[in-house]
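*Asks:* Kindly produce the complete structure, drawing on both the sequences and the hints.
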Amino acid sequence: QKEVEQDPGPLSVPEGAIVSLNCTYSNSAFQYFMWYRQYSRKGPELLMYTYSSGNKEDGRFTAQVDKSSKYISLFIRDSQPSDSATYLCAMTGMDSSYKLIFGSGTRLLVRP
Amino acid sequence: KAGVTQTPRYLIKTRGQQVTLSCSPISGHRSVSWYQQTPGQGLQFLFEYFSETQRNKGNFPGRFSGRQFSNSRSEMNVSTLELGDSALYLCASSLGETGYNSPLHFGNGTRLTVT
Chain A
345 QKEVEQDPGP LSVPEGAIVS LNCTYSNSAF QYFMWYRQYS RKGPELLMYT YSSGNKEDGR
405 FTAQVDKSSK YISLFIRDSQ PSDSATYLCA MTGMDSSYKL IFGSGTRLLV RP
Chain B
5 KAGVTQTPRY LIKTRGQQVT LSCSPISGHR SVSWYQQTPG QGLQFLFEYF SETQRNKGNF
65 PGRFSGRQFS NSRSEMNVST LELGDSALYL CASSLGETGY NSPLHFGNGT RLTVT
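Just so you know, the sequences run in chain order A and B. Residue 345 is where the first sequence starts when you use this note's numbering, and the numbers rise one by one after that. Residue 5 is where the second sequence starts when you use this note's numbering, and the numbers rise one by one after that.
None of these hints come from the bench; they were simulated from the model. Computed from a predicted structure; not experimentally measured. Where hints are given, some of them may not hold.
[What the hints assert, rightly or not] What follows is a list of derived Cβ distance ranges for each label pair:
no.: 1; chain 1: B; residue 1: Gly66; chain 2: A; residue 2: Ser397; range: 39 to 47 Å
no.: 2; chain 1: A; residue 1: Asp410; chain 2: B; residue 2: Gly7; range: 26 to 34 Å
no.: 3; chain 1: B; residue 1: Glu79; chain 2: A; residue 2: Ser412; range: 38 to 46 Å
no.: 4; chain 1: B; residue 1: Lys61; chain 2: A; residue 2: Glu389; range: 20 to 28 Å
no.: 5; chain 1: B; residue 1: Thr117; chain 2: A; residue 2: Tyr383; range: 15 to 23 Å
no.: 6; chain 1: B; residue 1: Gln48; chain 2: A; residue 2: Ser396; range: 24 to 32 Å
no.: 7; chain 1: B; residue 1: Gly7; chain 2: A; residue 2: Gln424; range: 22 to 30 Å
no.: 8; chain 1: B; residue 1: Leu15; chain 2: A; residue 2: Tyr383; range: 15 to 23 Å
no.: 9; chain 1: B; residue 1: Pro65; chain 2: A; residue 2: Arg404; range: 37 to 45 Å
[As the list claims (entries may be wrong)] Okay, derived cross-link-like pairs now, SDA-like style, lysine to any residue, Cα gap no bigger than 25 Å in a straight line:
no.: 10; chain 1: A; residue 1: Lys443; chain 2: B; residue 2: Asn81
no.: 11; chain 1: A; residue 1: Lys443; chain 2: B; residue 2: Ser106
no.: 12; chain 1: A; residue 1: Lys443; chain 2: A; residue 2: Tyr393
no.: 13; chain 1: A; residue 1: Lys386; chain 2: B; residue 2: Thr11
no.: 14; chain 1: A; residue 1: Lys411; chain 2: A; residue 2: Ser448
no.: 15; chain 1: A; residue 1: Lys386; chain 2: B; residue 2: Thr119
no.: 16; chain 1: A; residue 1: Lys443; chain 2: B; residue 2: Ser31
no.: 17; chain 1: A; residue 1: Lys443; chain 2: B; residue 2: Thr57
no.: 18; chain 1: B; residue 1: Lys61; chain 2: B; residue 2: Arg77
no.: 19; chain 1: A; residue 1: Lys443; chain 2: B; residue 2: Ser26
no.: 20; chain 1: B; residue 1: Lys61; chain 2: A; residue 2: Gln375
Virtual Cβ for every residue (Gly too), placed ideally from N, Cα, C.
*Replies:* Structure representation (structure tokens):
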């Protein structure tokens with residue numbers, strides 16, 4: 345079983361829809377959680393960075409962490425065709441002995 | 005501020021050859037990590053350097069090696085290339101060590117094709 349599980353998709357939604365992307369994990373020591381967006385032929389771009397549980401909002405993006413369920417989410421409001429990309433979750437523990445573990449990514453397609 | 009720069013962007017090599025990839029981190033960043041990305045395996049951690057010292061290493065054979073220079077620039081080397089080494093190699097930098105309390109910023113990668 346992988347430490348971080350992420351549905352590969354693809355997830356296809358109409359423009360303007362609310363998108364929900366999710367990851368589950370098994371290591372209760374994970375404390376730092378990130379979401380990256382990767383366009384084709386580009387490197388991953390950091391979208392959201394959160395510590396421990398709770399919500400964090402940045403424009404149309406909201407990151408949510410539920411440590412009791414070992415479940416994290418990224419919500420995209422008013423989705424745009426330019427949001428079409430692969431979204432990767434990533435997480436790590438409290439000190440430098442932990443490696444950053446990535447999910448396999450969810451491919452999102454926002455239809456005009 | 006300039007982002008992470010990786011050179012070259014594309015590379016075609018023959019099985020058995022060796023290759024060196026280069027990475028210039030964001031100015032002021034002292035940590036550089038390398039990842040291999042393939043459609044089947046996703047992002048896999050290769051190694052991380054902080055202040056010229058290797059701090060963490062992934063589960064890759066000894067053919068994969070790296071180093072970091074005093075100006076934080078980094079190189080990775082793959083010797084005796086195999087077909088399975090074909091991948092996108094990504095370099096990422098951060099202010100502190102490996103992503104913990106200091107998120108990674110990625111370059112656009114070097115696409116290596118081994119024929």
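*Asks:* A separate judgement is required for each hint: does it hold in the structure or not?
*Replies:* Hints versus structure:
1. At roughly 40 Å, the beta carbons of glycine 66 of chain B and serine 397 of chain A sit within the given window of 39 to 47 Å.
2. For the pair aspartate 410 of chain A and glycine 7 of chain B, the supplied restraint of 26 to 34 Å holds, since their beta-carbon distance comes to about 32 Å.
3. With their beta carbons about 43 Å apart, glutamate 79 of chain B and serine 412 of chain A fall inside the hinted range of 38 to 46 Å.
4. Range check, lysine 61 of chain B to glutamate 389 of chain A: Cβ separation about 26 Å, and the 20 to 28 Å hint holds.
5. At roughly 20 Å, the beta-carbon separation of threonine 117 of chain B and tyrosine 383 of chain A lies within the given 15 to 23 Å, and the hint holds.
6. The supplied range of 24 to 32 Å is met by glutamine 48 of chain B and serine 396 of chain A, whose beta-carbon atoms lie about 26 Å from each other.
7. Distance hint for glycine 7 of chain B and glutamine 424 of chain A: a CB-CB separation of about 23 Å, consistent with the stated range 22 to 30 Å.
8. A hinted range of 15 to 23 Å for the beta carbons of leucine 15 of chain B and tyrosine 383 of chain A is consistent with their spacing of about 21 Å.
9. Distance hint for proline 65 of chain B and arginine 404 of chain A: a CB-CB separation of about 43 Å, consistent with the stated range 37 to 45 Å.
10. Under the criterion of a C-alpha separation no larger than 25 Å, the hint pairing lysine 443 of chain A with asparagine 81 of chain B is consistent with the structure, at around 21 Å.
11. Between the alpha carbons of lysine 443 of chain A and serine 106 of chain B the distance comes to roughly 12 Å, so the proposed pair stays at or under 25 Å and holds.
12. At roughly 16 Å between alpha-carbon atoms, lysine 443 of chain A and tyrosine 393 of chain A fall within 25 Å of each other, so this suggested pair holds.
13. A C-alpha spacing of about 13 Å is found between lysine 386 of chain A and threonine 11 of chain B, which places the hinted pair at or below 25 Å, so the restraint holds.
14. A distance of roughly 20 Å separates the Cα atoms of lysine 411 of chain A and serine 448 of chain A; the hinted pair therefore holds under the 25 Å criterion.
15. As the CA atoms of lysine 386 of chain A and threonine 119 of chain B are separated by approximately 23 Å, the hinted pair is consistent with the 25 Å bound.
16. Proximity of lysine 443 of chain A to serine 31 of chain B is assessed by CA-CA distance (about 23 Å); at most 25 Å being required, the pair is judged to hold.
17. Only pairs whose Cα atoms come within 25 Å are accepted, and lysine 443 of chain A paired with threonine 57 of chain B is accepted, the gap being roughly 16 Å.
18. Simply put, lysine 61 of chain B and arginine 77 of chain B have alpha-carbon atoms about 18 Å apart, close enough for the 25 Å limit, and the pair holds.
19. With a CA separation close to 22 Å, the supplied pair lysine 443 of chain A and serine 26 of chain B stays within the 25 Å bound.
20. Only pairs whose Cα atoms come within 25 Å are accepted, and lysine 61 of chain B paired with glutamine 375 of chain A is accepted, the gap being roughly 21 Å.
Every hint from the earlier list agrees with this structure, and none is contradicted.
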